[in-house]
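Asks: Input sequences plus hints: build the corresponding full structure.
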Amino acid sequence: MGDRKGRSRITGIDALRGVAVLCMLTQHVVFWLSAERHNSPAMMLAGAVGGLAAPLFIVLAGLGATLTVTGNKNGNFLMVRRGLVILGFGYLLNLLAPNWFAPGSWYVLHMIGFGIFSVPLIAWASDRTLIAVIFMVITATACLQSYLDTPLVLNNALMVNTSLTGGIFRLALLEGFFPIFPWIAFFIAGMLAGRRIIDRSHGSILRTGLVFLELSVIVSGVYYTDLFTTLGDPAVRFFKPVPSFYPAFAPISLFLISVALIFVTTFMALNRAVAITSDNVLVCLGRSSMTILLVHIIVVRESAVRLGFWRSFSIEETALITALIVIFFAAAARLWRKVDYRFGAEWTLRAISGKTS
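Residue 162 in this note's numbering sits at position 162 of the sequence shown, with consecutive numbering throughout.
Since the hints were derived computationally from the structure, they do not count as laboratory data.
Be aware that one or more of the hints could be misleading.
[Unchecked claim] Between beta-carbon pairs, the in silico distance windows are:
hint	residue 1	residue 2	range
1	35	96	20 to 28 Å
2	157	96	44 to 52 Å
3	269	157	38 to 46 Å
4	131	269	40 to 48 Å
5	300	211	37 to 45 Å
6	320	231	47 to 55 Å
Just so it is clear, CB atoms sit at the ideal spot from N, CA and C, and this is done for glycine as well.
Replies: Right, here's the structure in full:
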């Protein structure tokens, strides 16, 4: 968020984005460096909790877009420019991390950029319309995956494969890391949360999150009934509760949206209860989240592959290295705040696309 006319930054939201950064760093470093992560409950837990990073980033991107565009006469043009710049960062990352991505890969930055670019097309819609779109997207995802015969488990090789029919568009729509179906639903859920923040009905965010959680449980429950045994694909994609989002089935999508909205409610309440200052380490991490995402992938992951220490450390060594990397980024972000995060990805985004005014 940020640079919004007549509206100061909500540091609680920045802090929540900082939590997403910690989840991302912990999960990635553990996954990239540990040779024994499957033998450690703590490492497995870190991986599971780290899975919250992308859902939080995308929901918060939708929330921030709503706060930025509301009341801004140039908001739609700003969203288009910012969306294109973030998409550009995404494709630049593809080129700078060739041991993970292909040039046509579709990762979380691409999804966020696409969502922000799309705001002028969907910001006019009523709350009911947007809620209907969320459910239509989740339902359509199962049907489209079935139509394309998308594997029930996507590995990295499949998510960078542009040789199939549809090429890069297939990845962007359904078979990339964070494709438009179903992840645009997360972005729209964030937009709705932004509206509730603007009209100060924060309790509605929590209630919506709990409804999504209930729906996730209900949909998952069908999988264990006799009804499911008579159904085939795409029913498995709609009802099976798989704790992974490569690809995302309906139950996990509903669950992750609910968790993200509950976190938004929690941090908004925290923001009202205590003073979360701009120099809070979580706020600093949140305000430099895109830079950290780019840097840690390019430096840590690419180095691990190129220098030969990919998944080569013990549990203890991995824990120590993970802690040191987290501490480094936290300290750097806090120091960087003194120069307003100058020359980072966020600063570049504002410089290219313009500030809100």
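Asks: If a hint holds in the structure, say so; if it doesn't, say that too.
Replies: So, going through the hints one by one against the coordinates:
Checked against the hint of 20 to 28 Å, the pair residue 35 and residue 96 passes, with Cβ atoms roughly 26 Å apart. Residue 157 and residue 96 have their C-beta atoms about 20 Å apart, which leaves the hinted 44 to 52 Å range violated. Between residue 269 and residue 157 the Cβ separation comes to about 43 Å, which falls inside the hinted range of 38 to 46 Å. Under the hint 40 to 48 Å, the C-beta atoms of residue 131 and residue 269, about 23 Å apart, miss the expected range.
Taking 37 to 45 Å as the suggested C-beta distance range, the pair residue 300 and residue 211 conforms, at roughly 38 Å. Under the hint 47 to 55 Å, the C-beta atoms of residue 320 and residue 231, about 48 Å apart, fit the expected range.
When each numbered hint is compared with the structure, violations occur for hints 2, 4.
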